[in-house]
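**Q** For reference, the chains in residue letters:
There are 2 protein chains.
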Amino acid sequence: MGIVVQKYGGSSLGDAGRIKEVARRIVESKKAGYDVVVAVSAMGDTTDDLLDLAKGVSPLPPAREMDMLLTAGERISMALVAMAISDLGFTARSFTGSQAGVITDSAHGRAKIIDVTPGRISAAIADGHIVIVAGFQGVSQDTKEITTLGRGGTDTTAVALAAALGADYCEIFTDVDGVFTADPRIVPTARRLERVSYEEMLEMAASGAKILHLRCVEYARRYDMPVHVRSSFSHKEGTWITPEQPGEEAMEQAIIAGVAHDRSEAKITVVGVPDKVGEAARIFEALAATEVNIDMVVQNVSAAATGLTDISFTLPRADGQTAMSALARIQDEVGYDKLLYDDRIGKVSLIGAGMRSHPGITAKFFAALASAGVNIEMISTSEIRISVIVNEVQVDEAVRATHTAFELDAAEVEAVVYGGTGR
Amino acid sequence: MGIVVQKYGGSSLGDAGRIKEVARRIVESKKAGYDVVVAVSAMGDTTDDLLDLAKGVSPLPPAREMDMLLTAGERISMALVAMAISDLGFTARSFTGSQAGVITDSAHGRAKIIDVTPGRISAAIADGHIVIVAGFQGVSQDTKEITTLGRGGTDTTAVALAAALGADYCEIFTDVDGVFTADPRIVPTARRLERVSYEEMLEMAASGAKILHLRCVEYARRYDMPVHVRSSFSHKEGTWITPEQPGEEAMEQAIIAGVAHDRSEAKITVVGVPDKVGEAARIFEALAATEVNIDMVVQNVSAAATGLTDISFTLPRADGQTAMSALARIQDEVGYDKLLYDDRIGKVSLIGAGMRSHPGITAKFFAALASAGVNIEMISTSEIRISVIVNEVQVDEAVRATHTAFELDAAEVEAVVYGGTGR
Numbered sequence: 001m002g003i004v005v006q007k008y009g010g011s012s013l014g015d016a017g018r019i020k021e022v023a024r025r026i027v028e029s030k031k032a033g034y035d036v037v038v039a040v041s042a043m044g045d046t047t048d049d050l051l052d053l054a055k056g057v058s059p060l061p062p063a064r065e066m067d068m069l070l071t072a073g074e075r076i077s078m079a080l081v082a083m084a085i086s087d088l089g090f091t092a093r094s095f096t097g098s099q100a101g102v103i104t105d106s107a108h109g110r111a112k113i114i115d116v117t118p119g120r121i122s123a124a125i126a127d128g129h130i131v132i133v134a135g136f137q138g139v140s141q142d143t144k145e146i147t148t149l150g151r152g153g154t155d156t157t158a159v160a161l162a163a164a165l166g167a168d169y170c171e172i173f174t175d176v177d178g179v180f181t182a183d184p185r186i187v188p189t190a191r192r193l194e195r196v197s198y199e200e201m202l203e204m205a206a207s208g209a210k211i212l213h214l215r216c217v218e219y220a221r222r223y224d225m226p227v228h229v230r231s232s233f234s235h236k237e238g239t240w241i242t243p244e245q246p247g248e249e250a251m252e253q254a255i256i257a258g259v260a261h262d263r264s265e266a267k268i269t270v271v272g273v274p275d276k277v278g279e280a281a282r283i284f285e286a287l288a289a290t291e292v293n294i295d296m297v298v299q300n301v302s303a304a305a306t307g308l309t310d311i312s313f314t315l316p317r318a319d320g321q322t323a324m325s326a327l328a329r330i331q332d333e334v335g336y337d338k339l340l341y342d343d344r345i346g347k348v349s350l351i352g353a354g355m356r357s358h359p360g361i362t363a364k365f366f367a368a369l370a371s372a373g374v375n376i377e378m379i380s381t382s383e384i385r386i387s388v389i390v391n392e393v394q395v396d397e398a399v400r401a402t403h404t405a406f407e408l409d410a411a412e413v414e415a416v417v418y419g420g421t422g423r
Numbered sequence: 001m002g003i004v005v006q007k008y009g010g011s012s013l014g015d016a017g018r019i020k021e022v023a024r025r026i027v028e029s030k031k032a033g034y035d036v037v038v039a040v041s042a043m044g045d046t047t048d049d050l051l052d053l054a055k056g057v058s059p060l061p062p063a064r065e066m067d068m069l070l071t072a073g074e075r076i077s078m079a080l081v082a083m084a085i086s087d088l089g090f091t092a093r094s095f096t097g098s099q100a101g102v103i104t105d106s107a108h109g110r111a112k113i114i115d116v117t118p119g120r121i122s123a124a125i126a127d128g129h130i131v132i133v134a135g136f137q138g139v140s141q142d143t144k145e146i147t148t149l150g151r152g153g154t155d156t157t158a159v160a161l162a163a164a165l166g167a168d169y170c171e172i173f174t175d176v177d178g179v180f181t182a183d184p185r186i187v188p189t190a191r192r193l194e195r196v197s198y199e200e201m202l203e204m205a206a207s208g209a210k211i212l213h214l215r216c217v218e219y220a221r222r223y224d225m226p227v228h229v230r231s232s233f234s235h236k237e238g239t240w241i242t243p244e245q246p247g248e249e250a251m252e253q254a255i256i257a258g259v260a261h262d263r264s265e266a267k268i269t270v271v272g273v274p275d276k277v278g279e280a281a282r283i284f285e286a287l288a289a290t291e292v293n294i295d296m297v298v299q300n301v302s303a304a305a306t307g308l309t310d311i312s313f314t315l316p317r318a319d320g321q322t323a324m325s326a327l328a329r330i331q332d333e334v335g336y337d338k339l340l341y342d343d344r345i346g347k348v349s350l351i352g353a354g355m356r357s358h359p360g361i362t363a364k365f366f367a368a369l370a371s372a373g374v375n376i377e378m379i380s381t382s383e384i385r386i387s388v389i390v391n392e393v394q395v396d397e398a399v400r401a402t403h404t405a406f407e408l409d410a411a412e413v414e415a416v417v418y419g420g421t422g423r
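Chains as they are written, first to last, in the UniProt record's numbering: chain H, 1 to 423; chain C, 1 to 423.
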């Protein structure tokens with residue numbers, strides 16, 4: 001039999017009891033005949049505790065030392081999981097990201113994996129061991145410094161290991177039952193998806209669904225690695241994320257995969273921009289220099305009488321102040337009138353690979369929003385997604401109305417959410 | 001100017017406030033013109049907390065994973081110290097034992113340093129950084145596994161780094177003011193020693209003085225590295241541990257360095273051993289096979305009538321059960337009568353390089369014990385030490401009487417003890 005890679009997040013490793021439960025589940029897969037490699041996050045609140053310690057000694061700690069500090073969290077959890085497995089009569093070997101051959105670039109706090117050289121893992125597997133790897137961390141190629149991968153890092157570690165080891169599949173154990181047609185906290189009748197394509201999952205992640213991080217799904221798609229998202233608190237089947245298979249019936253039937261929402265963005269409007277070649281470029285160059293990620297952009301048709309236009313865009317709320325300052329500095333140069341800042345907005349997105357071949361989806365979406373009395377402020381689309389910006393207080397209503405209009409509601413409530421952020 | 005290596009223990013790094021205080025002290029040395037390399041232990045109770053976590057998942061965790069777990073403690077403290085230094089406007093780089101080139105054998109939990117290859121440390125020094133190294137840990141030469149050095153490990157790390165870097169000296173910061181002529185908790189008039197030789201410090205460490213671990217002093221002696229033991233809670237001068245210099249007046253004057261005591265041993269007596277060649281060897285071979293460390297050994301003159309003798313020896317109380325079991329297994333083979341076990345004993349030792357050339361020390365020591373009404377159960381001596389085993393309840397009285405008899409008492413109390421074990 002082949003190799004399976006599993007990932008367990010912080011809420012699945014909350015205390016000694018949970019760690020022993022996770023060990024039993026790992027051993028089940030080993031007994032089933034698989035070679036098992038496991039990526040773990042730090043236990044429960046460990047990362048927050050370490051961040052508090054850092055805050056106690058320095059308001060602005062160096063990123064290199066921050067990575068050194070935070071990587072202690074996975075070191076603790078991986079050793080404990082290995083001990084718990086050994087207590088069940090199986091042998092386990094834990095490895096740091098560096099030992100496991102997770103090679104990254106040098107960007108502390110948000111490093112990207114550039115290679116995985118799993119020689120020690122393969123040797124440990126050959127010796128019959130279960131392998132536990134510290135998620136979220138690696139070692140930089142040039143400087144041999146310890147790095148961390150940023151949010152969702154352990155998911156990415158798991159999929160990268162699965163790809164490098166040629167695993168049969170990668171299981172992401174989390175605190176929810178899988179990927180749902182909408183957030184079950186907003187739509188209690190949301191249905192668990194049995195399957196979803198990489199492309200759909202990417203659009204959902206980018207649209208605010210927090211179940212998997214964007215980079216993890218990108219990695220899975222690049223290496224065609226099947227990912228099974230499921231709960232560590234039950235033995236229920238979760239959601240499989242797999243390549244899109246055009247001929248397959250299940251995929252064909254599902255025109256819409258789900259409705260995602262995101263309350264983390266803000267909107268900035270640059271009012272009264274002279275409608276000349278190069279003005280928009282100057283604005284977005286100034287923003288790019290601050291490394292702020294811009295999401296949606298809308299430019300009004302200019303009023304012929306004034307020769308002025310307005311440019312609106314959305315961005316993470318956390319970057320709002322940075323972007324406003326950068327724009328203020330170029331006001332004289334660009335000659336715009338004023339800036340408007342609005343963080344009382346939300347984004348609602350409809351995602352489905354089927355919308356490519358089914359016209360009328362947009363009309364149906366907008367009609368559903370209109371009947372719910374929801375006003376649309378901005379619109380953006382991709383081949384398999386339609387997103388709208390609405391007033392923040394109308395996000396829940398917009399999600400529910402859309403979910404119902406596309407007949408996604410389940411006959412009965414099956415969603416079980418165990419709290420936590422599913423990081 | 002040269003390099004100075006400093007060591008800070010867990011009690012010196014108890015919380016954020018202490019860490020900032022330690023950072024200020026490190027920066028003082030840097031400002032004084034030294035290149036500074038620092039070895040740190042885990043913060044306060046971190047190691048105990050990690051041990052509790054391990055106990056929670058497995059009653060008998062594998063040693064390899066235990067080392068992986070415990071080394072997270074120094075990783076946390078070294079990153080925090082580096083951050084606190086950076087907050088003072090200086091740059092620091094923290095390194096794990098492995099990164100610092102601390103190469104050990106493969107004995108998890110009690111590894112010995114076999115080499116130090118401090119290439120990354122030297123490079124960081126050359127770049128102007130203060131270097132923080134995780135104490136107590138290394139990487140095994142053959143298997144590249146993470147190891148720990150056992151009790152007092154960080155002291156040994158500090159001295160080993162000092163030797164490898166050719167440092168001017170090594171400062172061991174702890175929670176007491178230095179090495180005293182006796183434990184100030186028992187003898188309030190004990191005096192701080194300004195200087196003590198490696199040989200005396202070795203005997204004191206072996207005799208129960210907990211201020212420095214044996215292996216650290218051995219390392220310092222082998223490389224002739226001056227060690228300054230001092231308090232991290234004050235700026236007072238501490239005790240210098242240096243080579244014995246025969247011509248030097250201060251050394252000549254101090255006949256006796258101090259009185260040490262040890263309550264961690266037990267005594268086993270093998271009663272009625274046939275007085276034949278090879279019987280004693282068989283007994284101690286059986287003990288050696290269990291890796292129990294034997295300290296003092298006494299064999300009675302055999303009674304001519306019976307041809308039987310008694311053999312008594314002392315050993316760490318923690319190993320008592322192991323030794324008793326090993327001896328019970330060879331009773332038929334050796335043909336001894338019975339075993340007696342006594343853990344109500346204590347060891348009192350008088351240490352001083354001067355006793356080589358001053359006869360009568362033993363007589364004076366025994367007379368002091370006799371006038372205090374202390375019965376001597378066993379005696380052992382080295383060139384610069386006399387140790388006796390007494391009843392545990394008489395240890396304090398024996399230490400005080402000896403301290404006074406050799407005129408070690410200070411005119412006034414100067415000892416300041418800040419609690420903790422000074423590990």
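Worth flagging that the hints you see were computed from the coordinates, not collected in a lab.
Among the hints, a few may not be true.
Pairs of lysine to aspartate or glutamate residues, derived as EDC-like cross-links and limited to a Cα-Cα distance of at most 20 Å, are as follows [to be verified]:
1) K20(C) x D52(H)
2) K55(C) x D87(H)
3) K364(C) x E407(C)
**Q** Could you run down the list of hints and mark each one as holding or not?
**A** Each hint tested on the structure:
1. Between the alpha carbons of K20(C) and D52(H) the distance comes to roughly 15 Å, so the proposed pair stays at or under 20 Å and holds.
2. The straight-line distance between the Cα atoms of K55(C) and D87(H) is roughly 11 Å, inside the 20 Å bound, and the hint therefore holds.
3. At most 20 Å may separate the alpha-carbon atoms for a hinted pair to count; K364(C) and E407(C) meet this at roughly 12 Å.
Hint compliance for this structure: every hint is met.
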